[in-house]
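From first to last, the protein sequence lines are chains Y and D.
73 is the number of the first residue of the first sequence in this note's numbering; add one for each residue after it.
418 is the number of the first residue of the second sequence in this note's numbering; add one for each residue after it.
Among the hints, erroneous ones may be present.
[Stated by the list, open to error] Pairs of lysine-lysine, DSS-like flavour, derived with a Cα cap of 30 Å: (1) K292(Y) / K236(Y); (2) K595(D) / K216(Y); (3) K216(Y) / K236(Y); (4) K595(D) / K191(Y).
[Unchecked claim] Between beta-carbon pairs, the in silico distance windows are: (5) A517(D) / P214(Y): 51 to 57 Å; (6) E172(Y) / V680(D): 55 to 61 Å; (7) L528(D) / E163(Y): 41 to 47 Å; (8) V455(D) / D233(Y): 56 to 62 Å; (9) G211(Y) / P533(D): 36 to 42 Å; (10) E171(Y) / A612(D): 40 to 46 Å; (11) E575(D) / P214(Y): 29 to 35 Å.
No wet-lab data here; the hints were simulated from the structure.
Ideal Cβ placement from N, Cα and C applies to all residues, glycine included.
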Amino acid sequence: MGGSATRTVMAPVPQPDKAGEAVPATKPGGPKIAVRSLNFYYGPRQILFDINLSVAEKKITALIGPSGCGKSTFLRTLNRMYETVPRARAEGELLLDGEEMLGMDVAALRRRVGMVFQKSNPFPKSIFENVAYGLRVNGHEPGKRLADLVEHSLRRAALWDEVKDHLHKSAHALSGGQQQRLCIARGLAVDPEVLLLDEPCSALDPIATAKIEELLFTLKDSCTIVIVTHNMQQAARVAEFTGFFLLGKLIEFNESRVIFKNPSRKETEDYITGRFG
Amino acid sequence: MNYRLLWRKTVNNIMLALTGVCALVTVAILFFILGYLVWNGGRDINWAFLTQLPKPVGETGGGMANAIVGSAKLLLVAALVGIPVGFIGGVYLSEFGGSAFPAVVRYTADLLNGVPSIVMGIFAYTVVVLPMHHFSALAGGLALGVMLIPIVLRTTEEFLRAVPQSLREGALALGANKWRAISSVVIPAAFRGIATGMLLSLARVAGETAPLLFTSFGNRFWSHGFNEATSSLPVMIYTYAISAYEDWHRQAWAAGLVLLALVLVANIGARVILARRQSPARG
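So that you can see chain Y by itself, here it is in the shape it has in the complex (with noise of 0.2 Å):
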């Protein structure tokens, strides 16, 4: 999506007050997702405050923060999957390439947004359709061409080799790293220009979070990547931005770098070292 001609760093936009230091300003093209002012409510409760963010093009961002912060509510107004919790409801801007996301249709967004979930959830289906479960949807005739975007989706996962041999086998006979691989290829098939990933990794083994990680360094060049973590290695590893929540706000955005060896607020210090969260 035009990425190759902006390869300078996409910056956050400055956020003076909300978020810490001002950054550099976006470059010309905008920021691929652009939330504005977002209030989130579970019925009566408040819980995200007044959000301001920017996910730049084709770069992994990480939202870090302890359990109950709002980061991975966040996360889920991006694709709007919280509307499937009744009395959910966000305000505020969410712009897809400047795009108002609150008005777009939402299947529409979900398939140029994709997500993967914190518990890998293959459906009880073999490999092969789960994979095209996502193709099919948006109407793919079966065929030769619906098996070559398996293959592809699945190689873009880095599940392939492992697979390729019984693509008719159900999917739950898949080990836990590798139904969390095979949800990433589902996610892939369509073509997201954005995925979501929340907590990945968490019910994974080191082998297996290693895996994803690395395949996640493969994906950035092809899609902008938004990834919960608990983990905070991992945030300081993969991405190169990383934004901090607590308590339903976002207290601190910056590079990974600046977030992790240098941040500008007492609260984002306090959890990076470990004094609380």
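Starting from the structure of chain Y, add chain D where the hints point.
Relative to the frame of chain Y, chain D by itself:
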């Protein structure tokens, strides 16, 4: 001190034994009934019994082929009435309902489930038999079908609810709309359970007699189509059992055995379907 220990041990053993005995009684009753039916009716089950019509009074032999086929016809009508309504209603309860209306539906379904079966018969008699001026398989099937609705509704709902929310979200996250997610992911994930529930509920109404007494009535000959009085196994058992003829009594036992065998087969079949865990999914 020792007495107290001994006492505790004795109570413990007695209670354990009691629970075991009660569990055993339950099992024993089924086997007693089965054994009794086989003992009394087993000899009379033969090819003629399964394939011939009843003989006129006074003649020995003959069979209940028309009742076996009649029961199948009634169950077919019942399934056509009860399964679609119950299934689709169950999908609504589990997937679409808000909070107030489904609660009312659920409560009503439980009440409907508790309506005595003979009342269902009167209902079908009033809405079908009276306007048509004759008994029919349609009327009997409707009575059984109405009994199916609440059972299928609740089992469908329960099995759908057991499908993890994460599967729904997974489908929605790929751009599926709600109905697509339900029809292509949620229902297939629960299908085995739902099918089992349907089979069990059919087996349950297959033995109902009261709703059929004045709806499908009975017929000593073949009934043609669904618009004539139709014989069924439960009503046949009832009629033969209260008759004065020794030969008919024996045939009633045999019919009871056939009916129980069919119900058991359906039950066991359902368990087998349910027990067969995630076999490799097909394309």
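Against the structure, the hints come out as follows:
1. K292(Y) / K236(Y): holds, 24 Å
2. K595(D) / K216(Y): Between K595(D) and K216(Y) the Cα gap is close to 28 Å, so the pair holds against 30 Å.
3. K216(Y) / K236(Y): holds, 15 Å
4. K595(D) / K191(Y): holds, 21 Å
5. A517(D) / P214(Y): 51 to 57 Å: violated, 43 Å
6. E172(Y) / V680(D): 55 to 61 Å: holds, 60 Å
7. L528(D) / E163(Y): 41 to 47 Å: holds, 43 Å
8. V455(D) / D233(Y): 56 to 62 Å: Check passed, 59 Å falls within 56 to 62 Å.
9. G211(Y) / P533(D): 36 to 42 Å: violated, 51 Å
10. E171(Y) / A612(D): 40 to 46 Å: holds, 44 Å
11. E575(D) / P214(Y): 29 to 35 Å: Given range 29 to 35 Å: holds, Cβ gap about 33 Å.
Figure legend: structure checked against the earlier numbered hints; hints not met, in rising order: 5 and 9.
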